[in-house]
Amino acid sequence: MLQAEDLAAARGGRSIFAGVSFTLTSGMALTLTGPNGAGKTTLLRLLAGLGRIVGGRLLWNGADALADRAAHARRLTLVGHQDAIKTAFTVEEALAHEARIAGVDPAHAGAAMVALGLSHLGSAPIRILSAGQRRRVALARLPLARRTLWLLDEPTVALDHAGVAALGAVMAAHRAAGGIIIASSHLPLPLPNAAQLRFNVRPPETEAA
Amino acid sequence: MSPFWGMLRRDLALARRNAGDTLAAVAFFLLAVGLFPFGVGPAPELLARIAAGVVWVAALLAALLPLDRLLGADFEDGTLDQAMLSGLDPAMVAGAKAAAHWLSTGVPLLLASPVAAIMLNLPLDALPVLVAALALGSLVLSLLGTAGAALTLGARRGGVLLPLLVLPLAIPALIFGVAAVDAALGGLAVRPHLAMLAAMAAAALPLCPLAAGAALKAATE
Numbered sequence: 001m002l003q004a005e006d007l008a009a010a011r012g013g014r015s016i017f018a019g020v021s022f023t024l025t026s027g028m029a030l031t032l033t034g035p036n037g038a039g040k041t042t043l044l045r046l047l048a049g050l051g052r053i054v055g056g057r058l059l060w061n062g063a064d065a066l067a068d069r070a071a072h073a074r075r076l077t078l079v080g081h082q083d084a085i086k087t088a089f090t091v092e093e094a095l096a097h098e099a100r101i102a103g104v105d106p107a108h109a110g111a112a113m114v115a116l117g118l119s120h121l122g123s124a125p126i127r128i129l130s131a132g133q134r135r136r137v138a139l140a141r142l143p144l145a146r147r148t149l150w151l152l153d154e155p156t157v158a159l160d161h162a163g164v165a166a167l168g169a170v171m172a173a174h175r176a177a178g179g180i181i182i183a184s185s186h187l188p189l190p191l192p193n194a195a196q197l198r199f200n201v202r203p204p205e206t207e208a209a
Numbered sequence: 210m211s212p213f214w215g216m217l218r219r220d221l222a223l224a225r226r227n228a229g230d231t232l233a234a235v236a237f238f239l240l241a242v243g244l245f246p247f248g249v250g251p252a253p254e255l256l257a258r259i260a261a262g263v264v265w266v267a268a269l270l271a272a273l274l275p276l277d278r279l280l281g282a283d284f285e286d287g288t289l290d291q292a293m294l295s296g297l298d299p300a301m302v303a304g305a306k307a308a309a310h311w312l313s314t315g316v317p318l319l320l321a322s323p324v325a326a327i328m329l330n331l332p333l334d335a336l337p338v339l340v341a342a343l344a345l346g347s348l349v350l351s352l353l354g355t356a357g358a359a360l361t362l363g364a365r366r367g368g369v370l371l372p373l374l375v376l377p378l379a380i381p382a383l384i385f386g387v388a389a390v391d392a393a394l395g396g397l398a399v400r401p402h403l404a405m406l407a408a409m410a411a412a413a414l415p416l417c418p419l420a421a422g423a424a425l426k427a428a429t430e
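Protein chains in written order, with my numbering: chain A, 1 to 209; chain B, 210 to 430.
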C-alpha cells in the first residue's frame with residue numbers, strides 16, 4: 001500500500017505543488033493529468049525517491065517509504081521520458097543487462113520481449129530502432145524486473161495502437177497480480193478504473209516553500 | 210551486490226562495443242610520449258632521465274579523455290536515474306563506474322606503458338617498477354576522476370572543469386610514482402614509494418566513491 005500525505009515539491013526555491021495526498025492499495029492505478037510544467041514528472045521522481053520532499057510524507061505499508069531509499073528502489077520500476085537504453089546493444093543484450101542489474105535471471109528477457117511485441121527484433125541493434133520501438137524496449141523493463149510499484153512518465157508516447165494494446169495487457173496483468181501503477185499522460189491510457197489526479201495551474205506564488 | 214556486477218558488466222560490454230574510445234586513449238598516450246624526443250631532442254641519456262615523468266604525465270592526461278563521458282552519457286540518456294534506482298548505495302554506483310573506467314582505460318594504458326617507456330630509452334630493469342607504480346597510480350586516478358566527473362555532472366563546460374579539478378589531486382601520486390622509478394634507476398629502495406602509492410589507493414578506494422555518490426545523488430535530484 002502506497003500512501004502519500006500532503007506531499008509538496010519545490011524546484012529552485014519555487015513551489016511546484018503542495019498538498020498531494022492519495023492512498024493506493026494493491027491492484028489500483030492512478031493517472032496523473034494536467035498541463036505541462038504542473039509537476040507530474042516531479043511527482044513521479046519524488047515517488048521513486050529521486051529528489052527531495054519539502055513537505056508531507058510518503059508511506060509504504062504504513063512505514064516511511066524513503067527512510068531506506070535503496071529498499072524503496074527495489075520495490076519499484078520507473079520508466080521516465082528518457083528511454084535509458086544504450087543504443088550500442090541489441091534488444092536482447094540490452095534486456096539481458098537490465099535483468100542482471102535488476103537481479104533477475106536474464107533468461108526472462110525473452111518473455112518480456114514477447115509481452116511488448118519485440119520478439120522479432122531480438123538481434124536488432126537499438127541504434128536502428130524507431131522511437132516507438134525503443135519505447136517498447138524501455139517498457140519491457142517493467143515485466144522483466146517484477147517490482148510491485150510501476151511509475152510511468154508518458155508511457156505511450158511514440159507507441160502505435162498495437163504497442164498501446166501490448167502495454168495495456170502488461171499493465172492489466174500487473175494489477176491482477178496485485179501491483180500498483182502510477183502513470184502520467186496527456187493521452188488516454190489503457191488503465192480501466194484508474195483513479196485520476198488532476199494538476200491545475202495555480203497562480204504564481206510569492207512565498208517559497 | 211548483483212546490480213553492481215550487472216552495471217560493471219554492462220559498462221565493460223559497452224567499452225568492448227565502442228573499442229575505439231579505448232584505442233583513442235592509448236593512441237593519444239603513445240603519441241604524446243612520442244612527441245617528446247622531437248621537443249627535447251633525441252639524446253638517449255636525456256630521454257632516459259625524463260622517461261618516467263613523461264610516461265606518467267601522458268598516462269594521466271590520456272586517462273582523463275574518457276572521464277567526461279563516463280557519467281555524462283549516462284546522465285543524458287537516463288541510465289544514471291535507473292542506476293540510482295537499482296537498489297545500490299550511490300557510492301557503490303560510483304564504485305562500479307570507477308571500476309569500469311580503470312578496467313577499460315587504466316589497464317590498456319598500463320599495457321601500453323612499457324612500449325612508451327622503451328620508446329624513451331628507459332632502462333629495461335626499471336620497467337617492472339614503472340608498471341607497478343602506474344598500476345596503483347591509475348587506480349587512484351580512476352577513483353579521483355570518477356569523483357571529479359560526478360561533481361562536474363550537469364555543469365556547463367564540465368569537460369574543462371574536470372581536469373582542473375582532478376589533475377592537482379593527482380600530483381601526490383605523480384610524485385611518488387616517478388620517485389619509485391628514479392629510486393630503481395639509482396639502486397635505492399623502491400618499496401617505500403610503492404607503499405605510499407598503495408596507501409593513496411587505499412584511501413581513495415572508500416573516499417572517492419563516497420564523494421562521487423553524494424554528487425550523483427545531488428545531480429539526479
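Bear in mind the hints are in silico, worked out from the structure with no lab data behind them. Remember, it's a predicted structure, so these values are computed and weren't measured experimentally. Heads up, some of the hints might be wrong.
Not the full set, but computed from the structure, chain A residues with beta-carbon under 8 Å of chain B [to be verified]:
#1 Q3
#2 D6
#3 R52
#4 G56
#5 R57
#6 A67
#7 G80
#8 Q82
#9 V114
#10 A115
#11 G117
Note that CB positions come from ideal geometry on N, CA and C, so glycine has one too.
Now for the hints, and whether the structure bears them out:
1. Q3: violated (20 Å)
2. D6: Status violated, d = 20 Å.
3. R52: holds (6 Å)
4. G56: Check failed: Cβ of G56 of chain A comes no nearer than 17 Å to chain B, outside 8 Å.
5. R57: This interface hint is violated because 18 Å lies over the 8 Å limit.
6. A67: Violated - the Cβ of A67 of chain A stays beyond 8 Å from chain B, reaching only about 14 Å at its closest.
7. G80: holds (6 Å)
8. Q82: This hint holds: Q82 of chain A lies near chain B, its Cβ roughly 3 Å from the closest one there, short of 8 Å.
9. V114: violated (22 Å)
10. A115: With Cβ-Cβ at 19 Å, over 8 Å, it is violated.
11. G117: Violated. Min distance 22 Å.
Of the numbered hints given earlier, the model fails hints 1, 2, 4, 5, 6, 9, 10, 11; all others are met.
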